[in-house]
Amino acid sequence: MRICVSAVADSLDAQVDPRFGRCPYFVLVDSETMKFEAVPNTASSQMSGAGIQAAQTLASKSVNVVLTGNVGPNAFQALSAAGIKVLIGVFGTVREAVERYERGELKEAGSPTVRGHFGMGRGQGRHSR
Amino acid sequence: MIVSIASGKGGTGKTTVAVNMALSLKDVQLLDCDVEEPNAHLLLHPKINETRSVYVPIPRVNEKLCDHCGKCSEFCERSALFVSSEKVLFFPELCNSCGGCVIVCPRKAITEEKRRIGTIKTGMAGNVDLVYGELEVGEPMAVPIIREVKKQIESQKTTIIDSPPGTSCPVIESVYESDFCVLVTEPTPFGLHDLKITVQVMKEMKVPCGVVVNRAGIGDRKLYDYCKDAGVSILLEIPFQRRIAELYSQGVPFSLEMPEWRTKFQTLFEEIKKRVSK
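Quick note, the sequences are listed as chains A and B, same order.
With our numbering as the guide, the letters of the first sequence map in order to residues 2 to 130.
With our numbering as the guide, the letters of the second sequence map in order to residues 5 to 282.
For the record, the hints were derived by calculation from the structure and aren't laboratory data.
One should not assume that every hint holds.
[Stated by the list, open to error] Cross-link-like lysine-lysine pairs, in silico, DSSO-like; alpha carbons within 30 Å at most: (1) B/112 with B/91; (2) B/125 with B/30; (3) B/210 with B/13; (4) A/62 with B/75; (5) B/210 with B/30; (6) A/108 with B/91; (7) B/282 with B/154; (8) B/278 with B/154; (9) B/30 with A/86; (10) B/91 with A/62; (11) B/13 with B/200; (12) B/112 with B/125; (13) B/226 with A/86; (14) B/277 with B/125; (15) B/161 with B/51; (16) B/161 with B/268; (17) B/112 with A/62; (18) A/86 with B/68; (19) B/68 with A/62.
Keep in mind the model is a prediction, meaning the values are calculated, not measured.
This is chain B alone, in the form it adopts within the complex:
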């Protein structure tokens, strides 16, 4: 079963929920798909077994064969290729690796080469298998790394996916094909606003979802009113509590020090399982 943890708003506690849930279950792997700023490993302190590079294909133009007809640049939706009468310029940061330019070139002057855009790391922390991606600084495209991280999914295990914040492509890629998505939010106008958008995205993707309210006790009741009206279940509330905040600030998953929370995360997982099997 694949359970992803998402949130429109940043900093609501996705990683906290993902890590504590993983630590409370058996036979579990945690994939940190927030490849721009992965931080599950900061809470889990894994032993890394493998590090490998992630590449994307980009075009390489053989100027000897090229007659500067411009078909490649005409085809390129992203304007990553510029053709003048004498040379071809390539702008790698705009390229989407679609490979179209290779196909349309009538003189077969374009071949593909690899460009490194990041790394993925796999390791172990206690009973948790951790996989996370790291996008190189300055690289604009997170999706190819997220895809690479998700290739590590082992179907016989419980997979927990820590998604990046927001509702754009990297989130869609992370949540895609999940059996269930846990939406982490906080009871503030900001949390509510972004939750509404995320719920719409989940409906569009046809991924069943439920809410975990973090820092419960702050803000107002509007979040609860919305969930009731929209028919979105609140599965768990994590209170705004000094002890939890302190452990977080020290980089310690709170369920390790507060074992009663392991039971709560197990119950949360059982509830999700029940909803998925329905």
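With the rest of the complex left out, here is chain A:
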């Protein structure tokens, strides 16, 4: 199982970033061996479409599951189309998130949990073009 966790830095001990499309790193963890690969999220500063591009990156990395805090409407649609499960409400470190997932403590998102541009911060994302 290849698990992706949205994170603020590039290691297993990094804190989870609750934003999916705009987190700085994706830490991809092999749940059997706990070996990991950190992928910088090149979409994080995009004006719009960050979640879709992030989903595209993960689809190309053969990820099975995403663990994050929240997911927007476009990212959710894209991840679903790629057959990637999304589990939300994750916090703590990347390692803890994976362990909680393994114990079956996380909830699968059945729909987007936030509106678009949620992770952009105050004052941004009002004018898309």
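Chain A is already provided as a structure; the job is to place chain B on it using the hints.
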């Protein structure tokens, strides 16, 4: 000659100036480029002769030809295309209609189709030809409609363009290729702040500009100090006056009821003409 009316701050009186100036001139057309909330027609009550839809091209993916190589999504700056191993998702509200995906697709699986994003209307109100655009609710892109409105420019006429507020893309598109831009503001800290930004935009665009102060008499003198220091001329002041405000609240262009203002707007236009020909 093309004169655009712009303002960084909203609600300063762009439409008031545009409409009253148009009503005071001959052989004039007014283009309302504030396609998100056009309202020149509310003051002019035109007879509409023509309504037509505005479309933008968007990609259509033929899944039978597509092998999900992902080149289109890789190319798309706006992430409007998502390619999984089985299907392609398209997010129309993110698409900029650049057509790049059609070109990069190695299997020619992408063609273009039309998506409706708004309408443009043309009509007449007295001596004024009015053209205005209306963006569909929920559509994020005003620029394609503004371009469509501006295609109606007739070079032998005097064209007045009522720009949307602000200083972003729709304003740039509206003011682009104008001979002169009238910046409408009010003598308040808010009016001044946004005027300064707009003046910088005009310098960048190399469009000569001058200021019309609306609601003159309120606020403070900082606007006047700034205009003097920056070398921006104040071309006209419209006072903060009960009669003008009342007519506005009834949807009546004040120059119709106060004919002395027609002369003032004509003088304003003559002054602009003089500056343009220099």
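### Query
If you draw a straight line from the CA of residue 30 of chain B to the CA of residue 86 of chain A, is it 30 Å or shorter?
Since the Cα atoms of residue 30 of chain B and residue 86 of chain A sit roughly 66 Å apart, the hinted pair is violated (cutoff 30 Å).
### Given pair status - residue 13 of chain B, residue 210 of chain B, alpha carbons within 30 Å
Measuring from Cα to Cα gives roughly 21 Å; hence the hint holds.
### Query
Does the alpha-carbon distance linking residue 62 of chain A and residue 75 of chain B stay inside the 30 Å limit?
Holds, because 16 Å separates the two Cα atoms, which is no more than 30 Å.
### Query
Holds or violated: are the alpha carbons of residue 86 of chain A and residue 68 of chain B at most 30 Å from each other?
holds, 27 Å
### Task
Could you grab the alpha-carbon distance between residue 112 of chain B and residue 62 of chain A and see if it respects the 30 Å cut-off?
holds, 26 Å
### Query
Can the restraint linking residue 68 of chain B and residue 62 of chain A be considered satisfied, given a maximum Cα separation of 30 Å?
OK: residue 68 of chain B and residue 62 of chain A at ~25 Å, within 30 Å.
### Message
Holds or violated: residue 161 of chain B and residue 51 of chain B, Cα atoms, limit 30 Å.
### Response
holds, 20 Å
### Query
Between residue 112 of chain B and residue 91 of chain B, is the straight-line Cα distance small enough, at 30 Å or below?
Status holds; Cα separation ~16 Å.
### Query
Holds or violated: are the alpha carbons of residue 112 of chain B and residue 125 of chain B at most 30 Å from each other?
Since the Cα atoms of residue 112 of chain B and residue 125 of chain B sit roughly 37 Å apart, the hinted pair is violated (cutoff 30 Å).
### Query
Holds or violated: are the alpha carbons of residue 125 of chain B and residue 30 of chain B at most 30 Å from each other?
Given that 30 Å is the threshold and the Cα spacing comes to 21 Å, the pair holds.
### Query
Is the Cα-Cα distance between residue 278 of chain B and residue 154 of chain B 30 Å or less?
holds, 24 Å
#### Entry: Restraint check for residue 226 of chain B with residue 86 of chain A, where alpha carbons must lie at most 30 Å apart
Violated, at about 58 Å.
Violation of the numbered hints given earlier is confined to hints 9, 12 and 13; the remaining hints are satisfied by the structure.
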